[in-house]
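Make the full structure from the sequences, and use the hints.
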Amino acid sequence: MAPAAALRCEKLVKQYGPLAAVDGLDLEVRTGECFGLLGPNGAGKTTTVEIFEGLNDPSSGLVEVLGLRWSSDAHALRQRLGISLQETHLPDRLTVEETLRLFRSFYVQGRPVEEVLALVELLDKRATWTEKLSGGQKQRLAVACALVSDPEVLFLDEPTTGLDPQSRRQLWDVVLGFKARGRTVLLTTHYMDEAERLCDRVAVVDKGKVIALGTPQELIEGLGGHEIVELATQQPLEAAELADLPGVRGARRSADGVALTVDQLHVALPAVLARVGQRGLTRLSTHRATLEDVFVQLTGRKLRE
Amino acid sequence: MTLTRLRLFFREPGAVFWTFGFPLLLTVALGAAFRNRPPEPVAVGVESAQLFETLQRDEGLRVQLFLEDADARRALRTAKVGLVVLPGPPITYLFDPTRPESRLARALADAALHPRGPPATVDLPVTAPGSRYVDFLIPGLIGMNIMSSGMWGIGYVVVEMRTRKLLKRLVATPMSRAQFLTSFVMMRALFLFLELPVLLGFGWLTFRVGVAGSLPLLLGVAVLGALAFSGLGLLVASRAQNTQTVTGLINLVMLPMFVGSGVFFSTARFPEAAQPFLRLLPLTALNDAMRAIMIDGAGPSGVLGPVALLAGIAAISFALALRFFRWR
Ligand SMILES: Nc1ncnc2c1ncn2[C@@H]1O[C@H](COP(=O)(O)OP(=O)(O)O)[C@@H](O)[C@H]1O
Ligand SMILES: [Mg+2]
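For the record, the sequence lines run as chains A and B.
Residue numbers 3 to 307, in our numbering, belong to the letters of the first sequence in order.
Residue numbers 998 to 1325, in our numbering, belong to the letters of the second sequence in order.
Think of the hints as simulated: they come from the structure by calculation, not from any bench.
Just to be clear, a hint being listed does not mean it is correct.
[As the list claims (entries may be wrong)] A few chain B residues that don't get close to chain A, going by computed Cβ distances all over 10 Å:
1) T999
2) F1049
3) F1063
4) V1168
5) T1170
[What the hints assert, rightly or not] Restraint ranges, calculated between C-beta atoms of paired labels, are given here:
6) B:F1199 to A:G164: 46 to 52 Å
7) B:M998 to A:E223: 53 to 59 Å
8) A:R95 to B:L1005: 48 to 54 Å
9) A:Q81 to B:L1191: 34 to 40 Å
10) A:E89 to B:L1212: 44 to 50 Å
11) A:R277 to B:L1005: 55 to 61 Å
12) A:T288 to B:R1161: 27 to 33 Å
13) B:L1187 to A:E89: 29 to 35 Å
14) A:D75 to B:E1157: 27 to 33 Å
[Said to hold, decoys possible] Mimicking DSSO-like on lysine-lysine, the simulated pairs with C-alpha atoms at most 30 Å apart in a straight line are:
15) B:K1077 to A:K13
16) B:K1077 to A:K209
17) A:K127 to B:K1162
18) A:K181 to B:K1165
19) A:K181 to A:K211
20) A:K134 to B:K1077
21) A:K211 to B:K1162
Glycine residues also receive a C-beta, built at the ideal position from the N, C-alpha and C atoms.
What follows is the structure, encoded as structure tokens:
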């Protein structure tokens, strides 16, 4: 009988000296969903995930994993979780298969090593030393080590950072396959497309706090429009000058000009061009709104920097 | 540029230690071992009170009186004395011609005993296996090898696993932590079954250094030594956050033993006051026990003290390491 919430924390705080890496976080991850923690470097994502994994102790707050507490049920919990850390260096001189068998040996129950190797498409590399693997292959092996216990909850801390597009897509398939088995995933990332593709719900985190929570769709709709228009001019242009145009739902300053949130591009664009006509347009671009725009609107900063 | 290099150098505590600290410590330690010079008095053992009186008057000689022939020969073997003078007639010199100080002792003693030309004396160079310097040296080298491989093989490897976050990944699994630490110690002990035959075989083939006592007992003592140094290796690695720190710690632990535990020369060379400390060093215990078995053919009762010390160090260091180990 699984509790409705696979992971739960309330008023979670982690203090490093004067710095609050996690500053009063409330989260609830439901059983069977893929939940994303989205935020820039230093937002406190890793700290939060490691507290859930039992690898870090909170300064204060309540943490429940599968309805259990780390203080009383640590051993039972470790049997039921699968973890891929932000950075781990697996033993260089073990083969892929040996590494996986080692991790399998720690667990009472789990999936056959063969099956997991097939899942992460490393069957043909089974006899290769891990030091000879490419970045994407290493990362898939790390995820395989997390999957070999057939966990109820899978933690992935920036699983695709620094990987090539093909490796990223391979890993996404693995995560989607795991979710299709009804299991829970907690994922951190600073890639918007990754969150939009994998996550049922995301929490946007900044400076240790949740600043937005919902499905990727809800968050984007919260912007008011689904297209973003960015433009720059030779002569100064104030965001407020464009805010009242038809079809324009929001306007703000961007690095070198103005960014508009627009719900009806075919109405807004002619109006915008008419108003800035005499200022000498130097740049104009439009794209579909993403979680990146949500973050920029909430904080005034870019997500990746 | 030079300034930057200097800065980087001084921010690397390990390098600073090796450049300044190590030579200083070595000088102090060796100074203590080979004090009162020059001219360095050479140690001579005699077996008669009359000869003792005569030789005593020579400034260049440090004379020691032995009542038992066996004691005198052991002192020669363990390099505590360079020469043993047996009362005549004819007066007989026991010495090791492969050791310069032994030959010097013979010459000086001869001059002291016979200022007016040589009467008949007999030289008895000891080259029989069991009484040469190399017989003393090999057990010491084996002990040193057991120490270094235990400390480096475990201490360094464990800390590297920590810096690479592998430890963290492992404790996130239900893996037994005690088993994990034990696996290192077991590996060292098992390795000895390969290592010891190789080292002993080498000593036998090149120098005819044999084992007077029982081989199983020697192996047992060596394994116990490996366990003690594995425990210490784990202990130095239990908190260290990076490999520089653990390198420094390992050197700090091993240096006193390299010099003070009688690897190359007898611990008897150190001042009386230092002796109790030297006896507590695990390498001293290991070397003493190995020599007792290899040279004197001692049985289990003959190595009880060192064995107890090694077992104690192994148990305590392992318990402390398990208690204080930093897993994250
Ligand atoms: N062990 C630590 N000691 C001190 N500060 C830390 C420690 N770990 C993390 N921090 C700080 O906490 C903040 C959050 O870090 P982290 O959780 O790793 O962020 P993220 O994973 O979102 O990039 C950062 O400012 C980081 O410097
Ligand atoms: Mg992180």
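Which hints from the list above does the structure break, by number from lowest to highest?
Checked against the structure, the hints that fail are numbers 4, 5, 8, 12, 15, 16, 20, while the rest are satisfied.
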